Amino acid sequence: MRTITPTRYVEPLREGGSLPALVEADDDGLYVLKFRGAGQGPRALVAELLAGELARLVGLPVPEIVFADLDPRIAVAEPDPEIQDLLAASEGLNLALDFLPGSLPYSALDPVEPELAADIVWFDALVMNVDRTPRNPNLLRWHRRLYLIDHGAAFYRHHGAREPGWDADAVAATSFEQIKDHVLLRDAGSITEADERLAPKLDGYALQQLRELIPPEWADPDPYIDVLAARLRAPREFVLEADDARR
Numbered sequence: 008m009r010t011i012t013p014t015r016y017v018e019p020l021r022e023g024g025s026l027p028a029l030v031e032a033d034d035d036g037l038y039v040l041k042f043r044g045a046g047q048g049p050r051a052l053v054a055e056l057l058a059g060e061l062a063r064l065v066g067l068p069v070p071e072i073v074f075a076d077l078d079p080r081i082a083v084a085e086p087d088p089e090i091q092d093l094l095a096a097s098e099g100l101n102l103a104l105d106f107l108p109g110s111l112p113y114s115a116l117d118p119v120e121p122e123l124a125a126d127i128v129w130f131d132a133l134v135m136n137v138d139r140t141p142r143n144p145n146l147l148r149w150h151r152r153l154y155l156i157d158h159g160a161a162f163y164r165h166h167g168a169r170e171p172g173w174d175a176d177a178v179a180a181t182s183f184e185q186i187k188d189h190v191l192l193r194d195a196g197s198i199t200e201a202d203e204r205l206a207p208k209l210d211g212y213a214l215q216q217l218r219e220l221i222p223p224e225w226a227d228p229d230p231y232i233d234v235l236a237a238r239l240r241a242p243r244e245f246v247l248e249a250d251d252a253r254r
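Under our numbering, the first residue of the sequence shown carries the number 8, and numbering increases by one thereafter.
Because the hints were derived from the structure by calculation, they are not lab data. Note that the structure is a prediction, hence the values are computed from the model and not measured. Every residue, glycine too, gets a C-beta built ideally from N, C-alpha and C.
Cβ pair distances, simulated, as ranges:
(1) Thr14 to Ala180: 40 to 50 Å
(2) Glu120 to Asp87: 35 to 45 Å
(3) Met8 to Lys208: 11 to 21 Å
(4) Arg80 to Ala241: 50 to 60 Å
(5) Ala84 to Pro121: 41 to 51 Å
(6) Glu200 to Asp33: 39 to 49 Å
(7) Arg80 to Pro222: 19 to 29 Å
(8) Arg63 to Lys187: 24 to 34 Å
(9) Arg142 to Asp33: 35 to 45 Å
(10) Asp105 to Arg80: 18 to 28 Å
(11) Leu37 to Glu122: 25 to 35 Å
Full structure from sequences and hints, please.
Structural data, given as structure tokens:
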């Protein structure tokens, strides 16, 4: 993955609770910067990174994800003390996504092909993403293509790896009832067929690639990859759950 250096703080994006920001970088590109020092901490960045790159591995459209080496002095003229504190707490390695200029939020009136909808439902069930609902779809339409964004709420059960009794197989076997609220469930084709299309792309080599992406100062990668590997082992209950919710 590439690493960029933000050179200009453009503006905060106050839609999210973590106060992401639009920044310009040393490659002259615009990026949505997600801060390590935000309230959710670096584990939200791990979820964003892993889910986004996993989606890319199975062929789903996501904006380019890059590491961002932040010098907090880029916002020296920013008057908001909350933002100043956030930048100071986020010095060093952060995460950023390519900004999609002119993109539009997904609308329920937008047609989505059943196969693509099923693939997205399958993906969100796999990574336990609770944040793709009608209230907050986290989908953008850009150049007539649907893009998946904002995966910081994925892998939410994985974050408890430090708790006594935490077990990867037990977490992997946990029911994901929230899939019934997925914004694309009504448009989705067979989730079982989506599983047949996508699961073979996530072999041991692919999971090792994902493991190596996670900066050790953010989190231990093992709990995330171990749960993914367990959820990909047959039988995959989350596929049956998603298909049952679709009917």
